[in-house]
Each structure stands twice: as C-alpha cells, then as structure tokens.
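The listed protein sequences correspond, in order, to chains H and P. Counting with our numbering, you get residues 6 to 385 for the letters of the first sequence. Counting with our numbering, you get residues 70 to 289 for the letters of the second sequence.
Worth double-checking, as some hints may not be accurate.
As the list claims (entries may be wrong) - Taking lysine-lysine and the BS3-like style, the derived pairs with C-alpha atoms no more than 27 Å apart in a straight line are:
#1 Lys265/P to Lys167/H
#2 Lys182/P to Lys47/H
#3 Lys182/P to Lys114/H
#4 Lys131/H to Lys66/H
#5 Lys168/H to Lys240/P
#6 Lys170/H to Lys182/P
Since the hints were derived computationally from the structure, they do not count as laboratory data. This structure is a prediction, so every number in the text was calculated from the model and none was measured.
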Amino acid sequence: MKLYLLDDAIISPLGFSSEDNLKAIRKGKSGLKIQQRPEIFKNCFYAGIIDELLLNKAFSKIAVNGNFTKLEKMILLAVHQVLDKNKNLDLTGTALIIATTKGNINLLKESSGFSENRLKLGDLGKLVSDFFGFTQTPIIISNACISGGLGLVVARRLGISKKIKNAIVVGADLVSDFVITGFNSLQALSSQACKPFSKNRDGISLGEAAAAVLVSMEKPQKSENISLIGEASTNDANHISGPSRSGEGLYKSIQKGLKEASISADKIDFLSAHGTATVYNDEMESMAFYRSGLQETPLHSLKAYYGHTLGASALLECIITKHSMLNSELLLSKNFEELGVSKPINVIRENQKKIINYALKTASGFGGCNLALVFKNEKQ
Amino acid sequence: MAVATWLWFLKMKSNNMPDQFYIQDWIRIKNGRIFTGEKLIFESTEKNLTCFLKACYDFLDIKYPKFHKMDGLSKLGILASEPIFNKYELTKETALVFSNNASSLETDLQFQKTTNTFSSPSLFIYTLPNIVLGEISIKYKLQSENAFFISECFQADLLKDYTESLLNLGKAPDVLCGWLDLQNGEYDVFLCLVSKEKNILFSEENLKNLYYAENEKPTH
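So that you can see chain H by itself, here it is in the shape it has in the complex (with noise of 0.2 Å):
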C-alpha cells in the first residue's frame, strides 16, 4: 500500500519554496550563520535562522503579520502555498497533521502580547486548522526528532486503514533560546557550521524551519510519481538521551521498512541520513547501514545546509529526497571532510546525476526513537 507525496513547500533560511530551497542546496549554499546570544551563551554559534523581514513580507500577502507568531507564520505559509496548488482539493476529507517538538516555546520567556493559551500545541493545532477551513480535528505528533517523518507515517498507517484520503503533514520547528540554552547544556552545539559524519565534527548547529506536503492514498495522474512503500519506527530501549551505540533500534526499524517494501537493501539508490553531527549519532548511523549492508548506498546529511530543524528536520529532508528522486540527483553532503566514523559509508562528496528507483530516509531522536522510510519512484 502507498501514501503518494504530491505538492510541498518549504520555508526555511535558504528560501521560501522547496524550488528556491533545492536551488540553494545545489549551488552549496548553507542558511547557517554565526550568532550571538550574549544573554543565554557566552560563545558564538552557527544556526540556520529564519530573516523575520523576509518572512513578514512574504506572509503579508495572506495575512496580518501581527496576529501570528513567528512559527505559526512559517506553518501558516507552508500550507498556504501547498494548498494555493490544489485549489480544488476538499477539505473536509483531508486531514491536517502537524509535527512538532517544541511549538511557541519562545512565548515561555516573553508572551510578546500573545495569551500564555498559544504554547499549547493544542490551540497551534486548532489555529492552522481554523484558518485554511479544515474540519476533522487536527493531528499533533509530538515524538522529539522524528516527528516530521512520524506525521508521513501516521498518514499513510491511517491511509491504509482507510481512515483518510488526503493529508496535509507539515512540520515546523524554531531556533528558541529555549532549545539554545538546552542544547547547549547538553554540550551538544558546535563551535562551529556542523559537519556531519566528518572525523571532526563535534555537535550540532541550530535551524528552523517548516515542511508542508500534500499526501494521498490516490495515485495522481501523472506520468511520475513518489510514493512511501515501507516504513517502520523501533525505540531503542537503551538510553533517553543517546542513540544506542549498535544503532539497534534504527537497525530494526530499516529492516522492518524493508521488509513492508518488499525489497532488499541493495535495491536502495539513495540514503538521506539523520547526520546531526553529534560524535555519537553519525557514529551510531554508520552501525545500523552498516548492519543493514548499506555501506556502499550514496547517502547525505542536509544538516549543514539548514542546521536541525528538529521536528521538521525528517518531513523536511524527505521533501528533499522526494526532488532529487524525480530530478534523478544526488545531492552532496556540505561539509563533510574526511570520514570520521568506524564503520564504511558512502557520503556524497559531489552534485551528481543518478537515476533513483528507490530511496531510504531515516531519523533518530531523544526517547531513543528511530525511524525508517522507504520511498518508490514510480514512472509510467
């Protein structure tokens, strides 16, 4: 059974499409930029943020800037745009699905004017759903760094179960001082521009971002089309702030979406990675394609081109893969020097054209979550 991914958007610092986005990412560019944030960390640090002007400008055109946050903004524009596509498409049989970890979280330190109610993904949930006129109550995942991926698997789990037909699934997530100051305290942000599965990598960079897509049980009509075959999530049962070091429950969930795809490892074209560029992720990663006989399949982290974006960071990334499936390209991993984990993979060092039949997107997050997705490219 597959859950099509048609029309998506992205708004993210390197542009406010997924066209704009991939241009940027093939002319290398990267939204990551040095900040300073004396107040919360001494230290300078690189992030991917959002340029406020921009993104009021852009969203003026739909709305009142003042009547949203900075985050609802970037949902609010996301959706808008996959839906401005698909004008006839029925909202009452669509369903919404919202990825987040983390909200408003900035309203926490300072309400900015907007009622302390605005933190709750609940009343983010019913606002999305309020403003584009959905009517089944919206779906909120909230599962650490994989919930933008989650929210394509709820979607076609309850696809299947023919409980929806269409879905909008967008993730969002924002660089808060909240996030900051935490990351920080877990010693876990670079010094500098991450740089993911690089022998000298040493944490991660900041970004935020939001992810829409279009989703459907139906097969569109169109001469190519990608589509989500297999999929499977496995906790770690291990560790709620690292990744097994086996790379045991991302092991798990690639076979078992194997496995739901009815293909064998060797079929998989392209691996678009978590690569946070924590020492202990990328080197966990490695283990699990290792283990999976992966360690030859091109793969790339987009980490350094856009920082991670928690909660939108997989929805965003299989976007991405999605593109390069039907422009037939492998994207280079951006930054990555010399390979710094124990076990062999094959990062993309270069902008290249390949045909990709089949491709694999994986994501692993706190709570020891991990997450596997296998997507078709399907041509007439």
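Since chain H is already given, all that's left is putting chain P on it; use the hints.
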C-alpha cells in the same frame, strides 16, 4: 453496581464479533486514586505531586532507582505501566501510543526557570513528551513502535484509529495506548492494553466510557 453490569454487558456483546481488538485491561490514575480495571487499588490524600508519586511507587513496590531522576510525566508513565507489565507477559513488540494536552509543559516551565542560573541538561531532556515512552521502553525492555500525540482533550477516535492500524498492519501484536497528562500539578492518566484477547470491545465509545467513568462526564 451499574459500572459492573455495563462491563459485563460489553463483554457478552463482544463475544460474537470476529477479527476484533479488545481492551484487555486498563489503568486510571487521577485525584489521588489508582484503578486497575474497575478496581480501586490505591488511594491517597497527598496533595503534593512528588509525594503522591512516591507513595504510588512505594505502594506498587517498584524498586527502580532511575524512577527518582525522572520528571513527573515519566514517573506517571512508569506508575501506570507497572501493573500492566506485571500482570501480563507482553512481548518487546508491544507498541506505545500516548497522548495528552499539555505536552511536557510542566517540565518546560521548570527548565525555563533554571535558564537564568544553571541550565540543567538532565531536565532539558524531559522537555519532550515522548521521553516517557523511552523510559517505559527501557524499563520494560520494549523495542517497539512509539507515538506521542497532543490534543486539546481526550481524542478517542485518533487513539482507536491509530492503534488499530498498528495492529492490523502487523506493526505490533498489542498496544498500550491512552492519555497521560500533567499540568499545574494535576495528573490525569488513562492507559489501556489493547490486544486480541477477548474482553471489552476496543471501540471509540468504550474508550470514552472508560476514560470518563471515574471522571466527570464530558462537558462538551
């Protein structure tokens, strides 16, 4: 008792239905009381959350030192899971599908307060609602599907639909699903074990009835 009669009726009714899933058992923790199924097993007048959680821990005789390092939401999750995992021999594939209103807001507030002085990394980890799923997975050795949903109020249709999809698609042989909410020191926990073992039919209506049984009736 009206509730007992109603439960008996539901069991009888569900006996004739093939290929169905059932609420094999359930746990309720609210207002100082723990229920397993319809049975009240523990009652306390303790108003302080930490003290109440410790009293439950002692009563259930849990012996798990890590418990004391957890935040309130994770402690509640362990307390509610313990009677279920004690009573049933569940496989490590047992999935966890939890939901609540407040996400991890209680711990978010605590962490925000510490940011003025020393930000605690151990507290920061708990500022995600799904951490409790990780804690339960570690304690009961589950390597399974996890999902944490947020909704304004108890969303029986989503819990039913998603849990059923996991069971029907063979993603899990059984599922521990429900509601685990904590805000302003007030806790509201309802977890149920859903499997093929015949008992109360797993339906939206029955989920609502069980959730609201020891609760005030829904006002909207």
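Does the alpha-carbon distance linking Lys131/H and Lys66/H stay inside the 27 Å limit? 21 Å, holds
Verify the proposed pairing of Lys265/P with Lys167/H, using a straight-line Cα cut of 27 Å. Roughly 21 Å between the alpha carbons, so the hint for Lys265/P and Lys167/H holds.
Under the criterion that the straight-line Cα-Cα distance not exceed 27 Å, is the pair Lys182/P, Lys47/H satisfied? This hinted pair holds, its Cα atoms lying about 19 Å apart.
Lys168/H paired with Lys240/P [C-alpha distance capped at 27 Å]: 17 Å, holds
Is the Cα-Cα distance between Lys170/H and Lys182/P 27 Å or less? 44 Å, violated
Is it true that the CA of Lys182/P sits at most 27 Å from the CA of Lys114/H? 9 Å, holds
The structure is inconsistent with hint 6 alone, although it conforms to all the rest.
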